[in-house]
Amino acid sequence: MSSESKVNWPRLYTAVLAELALLIVIFYAFTKAFA
Amino acid sequence: MRTIDWVVLIGTLAAIVAYGTWKGRHKKNLDGYLLAGRELKWPTIALSIMATQASAITFLSTPGQAYTDGMRFVQFYLGLPIAMVILSITAVPIYHRLKIFTAYEYLETRFGVGTRTLTSLLFLIQRGLSTGITLYAPALIVSVILGWNIHVTNVVVGLLVVIYTASGGTKAVSRTQVHQLLIALGGMAVALIIAIHSLPQDVTLVEAFRVAGRMGRLNAIDFRFDPKTQYNFWSGLIGGAFLALSYFGTDQSQVQRYLTGSSIAESRLGLLINGMVKVPMQFFILFVGAMVFVFYQFVAPPLFFNTVQRAKVSTSQYAAEYEKLEAQHQTQFTEKRADVQRLLTAMRAHDDAATAVATTALRNVQERETATRTAAASLINRTQPGADNSDTNYIFLTFVIDYLPAGVVGLVLAAIFCAAMSATSSGLNSLASTTVVDIFRRLGKPHATDAECVRLSKLATIAWGLFAIAFAEFANRLGSLIEAVNKLGSLFYGTILAIFLLAFYTKRVSGTAAFLGALIGEAAVVWCAVATDLAWLWWNVIGCVVGVLAALIVQRFVPEQDLRSSASSADQAFDPQMNAD
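If you read the sequences in order, they're chains Z and W. Take the first sequence: its position 33, counted from the start at 1, is 33 in my numbering, and no numbers get skipped. Take the second sequence: its position 329, counted from the start at 1, is 329 in my numbering, and no numbers get skipped.
This is chain Z alone, in the form it adopts within the complex (with noise of 0.2 Å):
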């Protein structure tokens, strides 16, 4: 991953993006988990 060409943009982006819905998900299910 030392070059521009050989990244795909969007699709890091988006992984990004996903991993923090991901992660909101899942520390609300720990919240209500053991509240």
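Hints are not guaranteed to be accurate.
What the hints assert, rightly or not - Cut-off 30 Å, straight-line C-alpha distance, at most; resulting in silico cross-link-like pairs (BS3-like, lysine-lysine):
1. Z/32 - W/23
2. W/278 - W/23
3. W/458 - W/507
4. Z/6 - W/99
5. W/278 - Z/6
6. W/278 - W/99
Please keep in mind that the hints were generated in silico from the structure rather than gathered at the bench.
Following the hints, put chain W in place on chain Z, whose structure we already have.
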């Protein structure tokens, strides 16, 4: 502190300083000194970005925050990944293609020297003070818990940072940050393992989670919208995104980290990896605090964690009253421990009714315990009006010193000082860059040679280091230090972000309009801070939105000539020929 702790602590810090100084040698030109020759790869950039943001305050104050207020502080970081994506798409290519040293240099190509200078000065004020707090925080806490002399600690840590930052420049800062962050996270991981291991043997990890959760300490997400609540999902996602956009996109201490990338791709990857790792990392640090909280459900905690304030009140006219509160606290702890046992027994028996009863009883005694702690804090305030009556910052280190084994105490202290040094070094490094590039070379001596600028950068690093040490000597009464740093930043970040957004996304706003818009935006933020009780994360949104709207309105009254010259500068900045990578 035992001998082995001293060996680990001194050995780690000496190794970091020596490594930084060695790594940063041979930097003769300004590009090499301020931007590490623009040759760093994304792993170094990502860790450097994370280490810049994660100061000692992060590792000391955040677990305490979880202990007193639960894990909802993690929501503060939810906007960060969004900001990383936006910056990767917009700011990174522009900064890279213009081959600039500082973010503020870009503003001149768009709005002229006035806006560049205003923004640079706002940065210098804000970052100069923040760097002082970054240095002060661990010195204060360590001085209270371990009885070290706060002045000596400030000066020693400050000078250690100055040595390698001044001599090695940005390369030394970035390379050492990689190791500093890994040591800091390693120290926290060891503390977490020991906290969990120190729980009573019959208490499983899931049971520990349940106790923490039922006592409101695993409240990571709260979707309720309340503009006066500091940390909820909405303030974190929206206010946090604005704060992160401004901090990572316009604060030179961060911009300088990714300007060191050897290409746009390396810088982008550094930011995006930060976006992916930061939220789980903060969750992990808060989780350490939640587990320390569970530990103190089985082992009696002190009524007030700040030992210095405790000693003062114990020898004051309020000593008898404080002793009474201590006795009350001890009774409440005994009651609480019994309730925790009842809760565990009910949960193990899968008895929902008994679990509900035990939970209610536990929450009730917890409320009374909190009231006792509040009464103790107010007593401390009466003993010394204006004294710091928050003990959030002392909780984690008290646990470390009292319950961690020999050697591990030294490791955790090394972790905390490594974090302090990494954040301070980035601060000093960026302050020196802005002083030399945006003030000295732009306004004082435009034809200064590279050698002169490098020499002056080293002197500026030393001068800002001394300023930070001096400010650290005077910093006091700041409550939760992590909040203090972010609140201070939030006073300016919204306005600075407004200027950059106007620069990035508008072609027809002139320098005059942007300048006046920024002043109006800053006035709105100050008004919010002084005259309203709006949660501080929203100041970032207010400063940005008011700044942008005010500039757009002022623009309608700006002479056409000013507008044309501004648009021409913008065209140059976005010129695809000029911007070819």
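Hint by hint, here is what the structure shows:
Among the hinted pairs, residue 32 of chain Z with residue 23 of chain W is inconsistent with the structure: their alpha-carbon atoms are about 48 Å apart, more than 30 Å. A threshold of 30 Å between alpha carbons decides the hint, and for residue 278 of chain W with residue 23 of chain W the separation of about 26 Å falls inside it, so the pair holds. At roughly 37 Å between alpha-carbon atoms, residue 458 of chain W and residue 507 of chain W are farther apart than 30 Å, so this suggested pair is violated. Restraint check for residue 6 of chain Z and residue 99 of chain W: the C-alpha separation of about 23 Å stays at or below 30 Å, so the hint holds.
Proximity of residue 278 of chain W to residue 6 of chain Z is assessed by CA-CA distance (about 24 Å); at most 30 Å being required, the pair is judged to hold. At roughly 28 Å between alpha-carbon atoms, residue 278 of chain W and residue 99 of chain W fall within 30 Å of each other, so this suggested pair holds.
Violated hints, listed in ascending order, are 1, 3; each of the other numbered hints is respected by the structure.
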